[in-house]
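A.B. asks: Work the whole structure out from these sequences, hints included.
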Amino acid sequence: MNRFDLLNKIQNILKDNLVICNIGLPSQELYKISDQPNFFYMLGSMGLSSSIGLGLALSQNKHVISIDGDGSVLMNMNTLATIGNRAPSNYTLLIIDNGSYGSTGDQRTFTDEKTSLKDVALGAGCKNVIECSGEETINELNKAIDDKDNSYVIISKINSGNVKIDPIPLNPITIRDRFRKFIGIVKYL
Amino acid sequence: MKISKKIIDNLKKGGVDFYLSVPCKLLANMIDILENDKDVYYSAVPREEEGMGICAGAYLGNKFPCIMMQNTGIGNSVNAIVSLLQLYQMPVIFLISYRGTPGEPVGAQGGMAKITEDILQTLRIPILHCSSEKELDKISTFSKHAKVIESPVAILCDFNLMKDDK
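As they're listed, the protein sequences go chains A and B.
Under our numbering, the first residue of the first sequence is numbered 1, with each subsequent residue one higher.
Under our numbering, the first residue of the second sequence is numbered 1001, with each subsequent residue one higher.
A portion of the hints provided could be inaccurate.
[Claimed, not checked] Straight-line alpha carbon distances no greater than 30 angstroms define the calculated DSSO-like cross-link-like pairs of lysine-lysine that follow: (1) B:K1147 <-> A:K181; (2) B:K1038 <-> A:K187; (3) A:K148 <-> B:K1038; (4) B:K1138 <-> B:K1012; (5) B:K1013 <-> A:K181; (6) A:K181 <-> B:K1038; (7) B:K1012 <-> A:K187; (8) A:K62 <-> B:K1038; (9) A:K164 <-> A:K32; (10) A:K62 <-> B:K1144; (11) A:K62 <-> B:K1013; (12) A:K181 <-> B:K1144; (13) B:K1144 <-> A:K187; (14) B:K1147 <-> A:K187; (15) B:K1038 <-> A:K127; (16) B:K1138 <-> A:K62; (17) A:K187 <-> B:K1013; (18) A:K143 <-> A:K15.
[To be verified] With the C-beta cut set under 8 angstroms, the calculated list includes, among others, these residues of chain A facing chain B: (19) S45; (20) I52; (21) G55; (22) L58; (23) Q60; (24) N76; (25) L170; (26) P172; (27) I173.
[Stated by the list, open to error] Only some residues are given here: those of chain B computed to face chain A with a beta carbon under 10 angstroms: (28) V1045; (29) Y1059; (30) S1083; (31) L1087; (32) S1140; (33) F1159.
No lab work stands behind these hints, which were simulated from the structure alone.
What you are looking at is a predicted structure, and each value in this text was computed from that prediction instead of being measured.
Idealized CB from N, CA, C, for every residue including glycine.
C.D. replies: See below:
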């Protein structure tokens, strides 16, 4: 299973939640599979999907899923400590860990060598850290969303590999405004 | 405490209700005030760039965020400012202790101080430079302005303004 297969499998769960989706191929693949106004596609700022989702979960009550990658989490590991200490129960960090920098040509990341993001997250103070296969991810995501008392970090171990795909045609203000309209903030659209 | 209280009062008057900080001794009083303020959200964060991301999420969730940091933090955050906050036109207040300005005892702070305003100007970030107490009165209007123009803005607080705020 690669990222595209996984996103396909979990699309029905994502549709019912607020989703912050990582820059590059993850966002492009998700857009191709199923574009929704409650999906915030990152067009820049690699590494910050986890952090954007955390800020969003702290600011309103709907459940938030940050879709992140191993390469991106390695770039912003300090935020696991913030999540470990501050994440509310309406927050799930889904790390799609394929051991490679998919958007830049599938160069290996350190999770394909010695680094365990599960151990890093646990050490950073995250309590509910699940490492699972791509196939198990649907179940784990559902459990995380159903648990109203705890936040989760789910590390989904899958194969590398990408689908040939176009850039997202939406402009950033469209992404922003339809997302905020979905939450009920923007009234003018 | 008087200066720090005035800054927070003005930010709150401007609608700011979500605060993060990467600490600085010049921000210590403000952090104390915010930790005891039940009306707003406050947390420390380990790194400024991450804070920009959390502020972006808070804005999406209808908060008006502020990140407090030293001017060195701007250096850590340039890509997040440009390709997140400015790209999506998100109002966020940067409350910056302006280390390396006159009164600063640590010479090494001079390097970032020399280029702080150049960086902010290159990024086209509006600046409110506070070097005396009366300038703090402009903070609430300046904060509201950030919302109107949908842009991050920077408030620079000079070393000498903050240092004696016991």
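A.B. asks: Next, verify each hint and record whether it holds.
C.D. replies: So, going through the hints one by one against the coordinates:
The hinted pair formed by K1147 (chain B) and K181 (chain A) meets the criterion: a straight-line CA distance of about 17 angstroms does not exceed 30 angstroms. The hinted pair formed by K1038 (chain B) and K187 (chain A) meets the criterion: a straight-line CA distance of about 29 angstroms does not exceed 30 angstroms. Of the supplied pair hints, the one linking K148 (chain A) and K1038 (chain B) holds, its CA atoms being roughly 23 angstroms apart against a limit of 30 angstroms. For the hint linking K1138 (chain B) to K1012 (chain B), the alpha-carbon distance of about 13 angstroms falls within 30 angstroms, and the restraint holds.
As the CA atoms of K1013 (chain B) and K181 (chain A) are separated by approximately 26 angstroms, the hinted pair is consistent with the 30 angstroms bound. Restraint check: the Cα-Cα separation between K181 (chain A) and K1038 (chain B) comes to about 28 angstroms, which is no more than 30 angstroms; the hinted pair holds. Distance hint between K1012 (chain B) and K187 (chain A) is fulfilled; the C-alpha atoms sit about 24 angstroms from each other, no more than 30 angstroms. Note on K62 (chain A) and K1038 (chain B): the hinted pairing holds, with a Cα-Cα distance of about 22 angstroms set against a maximum of 30 angstroms.
Among the hinted pairs, K164 (chain A) with K32 (chain A) is consistent with the structure: their alpha-carbon atoms are about 11 angstroms apart, no more than 30 angstroms. At roughly 27 angstroms between alpha-carbon atoms, K62 (chain A) and K1144 (chain B) fall within 30 angstroms of each other, so this suggested pair holds. Proximity of K62 (chain A) to K1013 (chain B) is assessed by CA-CA distance (about 28 angstroms); at most 30 angstroms being required, the pair is judged to hold. About 21 angstroms separates the Cα atoms of K181 (chain A) and K1144 (chain B), which keeps this hinted pair within 30 angstroms; it holds.
Of the pairs offered as hints, the one joining K1144 (chain B) and K187 (chain A) holds, with about 20 angstroms between alpha carbons and a cut-off of 30 angstroms not exceeded. For the hint pairing K1147 (chain B) with K187 (chain A), the CA-to-CA distance comes to about 16 angstroms; that is within 30 angstroms, so the pair holds. As the CA atoms of K1038 (chain B) and K127 (chain A) are separated by approximately 26 angstroms, the hinted pair is consistent with the 30 angstroms bound. For the given pair, K1138 (chain B) sits about 36 angstroms from K62 (chain A) by alpha-carbon distance, which is inconsistent with the 30 angstroms threshold.
Distance restraint check for K187 (chain A) and K1013 (chain B): the Cα-Cα separation of roughly 24 angstroms lies within the 30 angstroms cut-off, and the hinted pair is therefore satisfied. As the CA atoms of K143 (chain A) and K15 (chain A) are separated by approximately 16 angstroms, the hinted pair is consistent with the 30 angstroms bound. Satisfaction of the interface hint for S45 (chain A) is found here, the shortest Cβ-Cβ separation to chain B being roughly 4 angstroms, below the 8 angstroms cut-off. Here the hint on I52 (chain A) is kept, as its CB sits about 4 angstroms from the closest CB of chain B, short of 8 angstroms.
A least Cβ separation of about 3 angstroms between G55 (chain A) and chain B falls short of the 8 angstroms threshold, and the interface hint therefore holds. At about 6 angstroms, the closest approach between the beta carbon of L58 (chain A) and any beta carbon in chain B falls short of 8 angstroms, and the interface hint on this residue holds. Contact between Q60 (chain A) and chain B, as hinted, is supported at the beta carbon level, the nearest pair being about 4 angstroms apart and thus within 8 angstroms. Here the hint on N76 (chain A) is kept, as its CB sits about 6 angstroms from the closest CB of chain B, short of 8 angstroms.
Among the interface hints, the one on L170 (chain A) is violated; its C-beta lies about 11 angstroms from the nearest C-beta in chain B, farther than the 8 angstroms criterion. With a least beta-carbon distance of about 5 angstroms to chain B, the hint placing P172 (chain A) at the interface is held under the 8 angstroms criterion. Nearest Cβ of chain B to the Cβ of I173 (chain A): about 6 angstroms, under the 8 angstroms cut. The hint holds. Because the closest C-beta pair between V1045 (chain B) and chain A is about 6 angstroms apart, less than 10 angstroms, the hint holds.
Hint status for Y1059 (chain B) relative to chain A: holds, with the closest Cβ pair at about 8 angstroms, below 10 angstroms. Interface restraint check: S1083 (chain B) against chain A, minimum CB-CB distance 2 angstroms, threshold 10 angstroms, status holds. A distance limit of 10 angstroms between C-beta atoms decides the matter here; for L1087 (chain B) the minimum to chain A is near 5 angstroms, and the interface restraint holds. With 10 angstroms as the threshold, the beta carbon of S1140 (chain B) stays out of range of chain A, its nearest partner Cβ sitting at about 21 angstroms, so the hint is violated.
The beta carbon of F1159 (chain B) comes no nearer than 27 angstroms to any beta carbon in chain A, farther than 10 angstroms, and the hint placing it at the interface is violated.
Checked against the numbered hints above, the structure breaks hints 16, 25, 32 and 33 and satisfies the rest.
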